[in-house]
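Trainee: The lines below spell out each chain.
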Amino acid sequence: MSSTTKNGNSRPAFQSWGRYPRLHADVLPLHWRSDYPLLSPPNAPMLPVGLGRSYGDVCLLNGGTLLNSAGLSRLISFNPETGLLRCEAGTTLAEILEFAVPRGWFLPTTPGTKYVTIGGAIANDVHGKNHHVAGTFGCHTPRFELVRSDGTRLECSETNNPSWYGATIGGLGLTGLITWADIQLRPIVSRKINYEGIKFVGIDEFLAISRESANVEYTVAWIDCVAQGRNFARGIFMRGTHATNPAPLRASSTAGLSVPVELPTGLLNHFTVGAFNALYYRKQLRARKTSVVDYEPFFYPLDSIHHWNRIYGRKGLLQFQCVLPENGDSTAITQTLREIAASGLASFLAVIKIFGNRRSPGMLSFPRPGITLALDFPAGEKSFNLLTRLGNITLEYGGSMYPAKDAMMTPQQFQTFYPEWQQFARFIDPAFTSAFWQRVTANV
Amino acid sequence: MSRTLPSRILVLGATSAIATAVCRELIAPGTHFYLVARSPDRLDAVRSDLLTRGAAAVTTRALNLDDVNAHAQMLSDAAVDLGSIDFALLAHGILGDQEQAQSNYASAYAILHTNFISATSLITWLANYFENAHKGTLAVISSVAGDRGRKSNYVYGASKGALNIFLDGVRNRIDRSGAHVLTIRPGFVATPMTAHLPQGPLFATPAKVAKLIVSAIAARKDVVYVPGFWRPIMFVIRSVPEWIFKKLNL
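Chains as they are written, first to last, in the working numbering: chain D, 1 to 444; chain S, 445 to 694.
Do not rely on the hints blindly, as some may be mistaken.
Unchecked claim - In silico DSBU-like cross-links for lysine-lysine, where the CA-CA straight-line distance does not exceed 30 Å: (1) D:Lys315 with D:Lys192; (2) S:Lys652 with D:Lys192; (3) D:Lys315 with D:Lys199; (4) S:Lys652 with S:Lys691; (5) D:Lys199 with D:Lys283; (6) D:Lys192 with S:Lys655.
Claimed, not checked - Label-pair distances were calculated between CB atoms; the ranges are: (7) D:Thr265 with S:Ile681: 38 to 44 Å; (8) S:Pro642 with D:Thr241: 43 to 49 Å; (9) S:Arg497 with D:Arg186: 16 to 22 Å; (10) S:Asp510 with D:Thr241: 41 to 47 Å; (11) S:Arg675 with D:Asp294: 34 to 40 Å; (12) S:Asp485 with D:Gly344: 54 to 60 Å.
Unchecked claim - A few chain S residues that face chain D, going by a derived Cβ cut-off under 10 Å, partial list only: (13) Ala500; (14) Thr504; (15) Thr564.
For the record, the hints were derived by calculation from the structure and aren't laboratory data. Bear in mind that the values here come from a model prediction, so they are computed numbers and not experimental data. Backbone N, C-alpha and C fix where the C-beta goes; we use that ideal spot for every residue, glycine too.
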């Protein structure tokens with residue numbers, strides 16, 4: 001699929017990682033932070049994007065111009081005493097790791113892929129396996145520059161332009177272009193992770209292991225959303241800490257596998273995923289297994305397979321991530337999991353985790369205390385219906401949904417999940433919008 | 445293979461994506477760069493990137509390299525600042541607009557001036573410098589487009605083809621002194637210069653191209669196609685008889 005840009009060239013449409021929905025906009029690559037704001041404004045409206053690793057439509061525009069910031073990838077300064085790194089906003093987590101790991105530093109928190117830009121990580125206020133102790137990415141970006149389309153340059157921090165700082169963290173790229181950011185890295189002495197995998201059956205067991213792991217730095221669980229009956233909500237709880245025995249800190253090699261073409265739609269169905277889940281659950285024989293693993297497979301198991309999203313075929317995939325309040329009561333999450341298991345739809349990657357209570361400075365930040373569940377489904381009518389029901393359960397129990405992984409939220413849902421949205425809207429750059437924002441404010 | 449890499453480095457057109465990537469590859473304790481390019485803001489961005497990554501010193505000089513009258517002064521300043529030049533990389537150039545260039549001589553001349561005339565001025569000074577020093581590497585970024593004229597970019601192609609011949613001659617003259625002349629012929633590289641083109645599987649990243657260039661410096665290669673698959677492709681393109689070639693849409 002291709003679109004014709006202003007200058008007459010045909011190029012593939014910019015896609016989000018879910019490859020759904022498909023919308024067309026011009027793409028303008030930015031290469032120098034001194035070149036923005038642009039001397040000749042492109043087709044309005046505009047939206048900054050990075051590598052397009054968010055799943056739904058927060059990084060898409062229907063018409064207008066995407067400002068691709070991936071070319072802003074220079075480092076600006078690094079303090080080897082404190083681990084404070086300043087870099088341009090298009091720098092990726094992979095590039096930061098390549099620089100930082102050999103120097104004995106690591107990301108303060110990381111999502112499940114390292115192929116995201118700093119600008120995108122701030123705009124979506126991403127989180128990782130250490131959310132319960134470290135909070136979101138925005139908790140570790142003490143300062144950044146925001147440039148508005150009228151040319152105003154705002155250096156933002158807790159004390160400098162604090163309301164712009166709060167609006168831009170989790171601000172979905174709508175407040176202006178982030179040109180550079182400071183990131184507070186954390187020290188490591190080894191690439192290794194001391195890993196432990198613990199099998200569980202049922203949400204109560206999951207919650208018990210989570211409580212027991214409150215002081216373990218990284219925790220997450222894989223959960224089988226297909227199994228019913230006595231296997232309902234079985235899974236493997238995975239936890240890890242950075243190894244403390246000094247070991248060589250080389251940079252990662254860059255080679256990897258790729259899914260070269262999109263696979264047939266429907267390959268991932270109830271049967272194939274059910275079989276995979278049964279095998280995956282049994283692969284770990286013992287109830288508890290410990291090992292020492294490299295950080296790459298621990299944090300980024302899917303990054304070694306480039307374009308893994310193509311396994312969903314032409315129609316693409318839908319992600320769903322909600323957070324549900326817990327308070328010692330597992331009714332909401334149990335009802336959600338029952339709804340999924342009963343739907344006959346199969347989620348290939350289902351992940352469950354307890355969020356902590358460290359507050360993000362971000363006004364529209366998604367993570368809040370509770371249980372978070374992330375799933376993906378092939379795009380299609382049955383999935384649309386299921387996600388609508390899951391959205392309603394989330395609403396009913398006072399939870400929230402994650403814009404970076406959404407293509408389905410209704411205006412009513414979004415405005416209930418994010419009551420600060422009108423206050424936030426005052427910070428939106430007048431030249432900016434996104435397909436997501438237009439969708440969730442369509443009733444206004 | 446000895447991997448003694450240069451540590452006193454002059455980069456002309458230093459804000460080009462390939463040049464920046466080569467500089468990153470060459471960083472080692474003690475590396476000292478002298479960067480020349482037009483925009484002071486962009487030079488600052490590259491300078492801080494190289495310093496953060498471990499360069500010992502980075503001097504910048506804002507200069508439009510089209511101004512050939514300023515070359516001699518700039519080059520001797522660079523030699524003083526660096527102490528001596530081990531390695532010079534010529535990376536400035538423009539793609540230009542073929543359609544404009546074929547209807548308007550002034551824009552054809554602008555491409556030839558930047559890519560060829562200004563380069564000959566710089567190469568002449570540097571060739572004499574390295575010949576007298578009996579060492580050092582002069583690397584010049586040319587293009588596969590210089591291998592044969594095609595209707596889609598023959599003005600750019602001619603500027604690079606002329607550059608290739610000029611470099612062959614310089615190499616033939618100064619190689620025996622101990623100096624090394626490297627002609628780099630990249631294919632499609634994903635840079636600001638090509639950002640307007642649809643990106644296909646033949647595109648390489650600046651980082652990949654830079655690694656290959658640095659290996660070619662260490663191995664004292666004469667002419668290197670980057671990535672290497674362009675060598676057989678261009679061999680085929682050069683081998684097509686002209687009576688067929690003139691009918692092709694390339």
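Trainee: Okay, which hints does this one fail, numbers in order?
Mentor: Of the numbered hints, 1, 3, 4, 10, 13, 14 and 15 do not hold.
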